[in-house]
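Peer 1: Please put together the full structure from these sequences, using the hints given.
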Amino acid sequence: MFALIKSSLQIGLRGNTIRGIALFGAFLIFLAYLTGSFSPRQPQTVALDVGFSFLRITLVFLAIFWIQELISKEIDKKTIYFTLAYPIPRWQYLISRYIAVLALSAVFTLIYALMLLMAATYANTEYQQQFIVNLGAPFWFTLLGLYLDVAVVTSFALLVATFATTPLLPLALGLIYAIAGKGLGAALEYIHAGADGNAKMVSNFKQLLDVINWLIPDLSRLDWRISALYNLPINYSAMALSCLMAISYICILLSLAALIFQRRESF
21 MFALIKSSLQ IGLRGNTIRG IALFGAFLIF LAYLTGSFSP RQPQTVALDV
71 GFSFLRITLV FLAIFWIQEL ISKEIDKKTI YFTLAYPIPR WQYLISRYIA
121 VLALSAVFTL IYALMLLMAA TYANTEYQQQ FIVNLGAPFW FTLLGLYLDV
171 AVVTSFALLV ATFATTPLLP LALGLIYAIA GKGLGAALEY IHAGADGNAK
221 MVSNFKQLLD VINWLIPDLS RLDWRISALY NLPINYSAMA LSCLMAISYI
271 CILLSLAALI FQRRESF
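Read in the working numbering, the sequence shown has 144 at position 124, and its numbers run on one by one without any break.
Honestly, the hints are just simulated from the structure, not real lab data.
Hints are not guaranteed to be accurate.
Said to hold, decoys possible - Label-pair restraints from in silico Cβ distances: (1) 156 to 282: 42 to 48 Å; (2) 157 to 227: 20 to 26 Å; (3) 127 to 151: 27 to 33 Å; (4) 131 to 105: 18 to 24 Å; (5) 164 to 40: 43 to 49 Å; (6) 151 to 195: 32 to 38 Å; (7) 185 to 43: 16 to 22 Å; (8) 164 to 33: 19 to 25 Å.
C-beta: ideal position from N, C-alpha, C; glycine also.
Peer 2: In structure tokens, the structure reads:
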């Protein structure tokens, strides 16, 4: 299994598309710095907020492209038969690929975090903000939440790759899943609050969104940036519940992926 993880890491760092996305992510962090520098008010807060959003976008794209590179393309090119020829269970192949993607994501999260830390620190330092950003524990907890967010999206993309017949399906559905999971919380909150008095909208969408909430996790619960942006106290109990939700969904999705991949007869 360690040999599979090692080979997965090597493949993950080799693709030109991955390098392009990684460089584009660095450019987005620089863009966040410029956004904060030219902001007339709260420059550090703006740079940090925009940087967190750009960081999630970059990490999601990287993770999904890694799944496409490590699994979907191997299935499409039939090179997966060489890997499965070794006397190892199929679930070990999947888990090793997933661990490799998480490891690569962790490395790039740390790199981008250091870049974002510098961007937020030096964004228009001459301006005295009303709310001072907290680049200590809240900053790193926010990155942990973003990382768990990416881990959930990656597990879903991995699940799709186990039954997909085209390499583009995990990419397309993975992006849709990431967008839907992020926007689900706001939609639920709006509907449960009465939808600005629109009773027809509430009756039409409330039950549907409640059902979707059981199928798709509310990834907005893993967004803890508010403490870092405005130096607010950390809600540890809410963080713990959100982490439990994310880990539970990851375990369920990986179990389904292993079951489907084990029963798949042709690639």
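Peer 1: Between residue 164 and residue 33, does the C-beta distance stay in 19 to 25 Å?
Peer 2: With a Cβ separation near 23 Å, residue 164 and residue 33 satisfy 19 to 25 Å, so the hint holds.
Peer 1: Given a hint of 27 to 33 Å, does the C-beta separation of residue 127 and residue 151 actually sit inside it?
Peer 2: holds, 32 Å
Peer 1: Taking the beta carbons of residue 156 and residue 282, is their distance inside 42 to 48 Å?
Peer 2: holds, 45 Å
Peer 1: Look at the Cβ atoms of residue 131 and residue 105 and judge whether their distance stays inside 18 to 24 Å.
Peer 2: violated, 36 Å
Peer 1: With respect to the beta-carbon atoms only, verify the hint that residue 164 and residue 40 lie 43 to 49 Å apart.
Peer 2: violated, 27 Å
Peer 1: Is it true that the C-beta distance of residue 157 to residue 227 lies inside 20 to 26 Å, as the hint says?
Peer 2: violated, 40 Å
Peer 1: Looking only at beta-carbon atoms, does the pair residue 185, residue 43 fall within the given range of 16 to 22 Å?
Peer 2: Given about 31 Å between the Cβ atoms, the range is violated.
Peer 1: Taking the Cβ atom of residue 151 and the Cβ atom of residue 195, is their distance within the range 32 to 38 Å?
Peer 2: Holds - the Cβ-Cβ distance for residue 151 and residue 195, about 33 Å, lies within 32 to 38 Å.
Of the numbered hints stated above, those contradicted by the structure are hints 2, 4, 5, 7, listed in ascending order.
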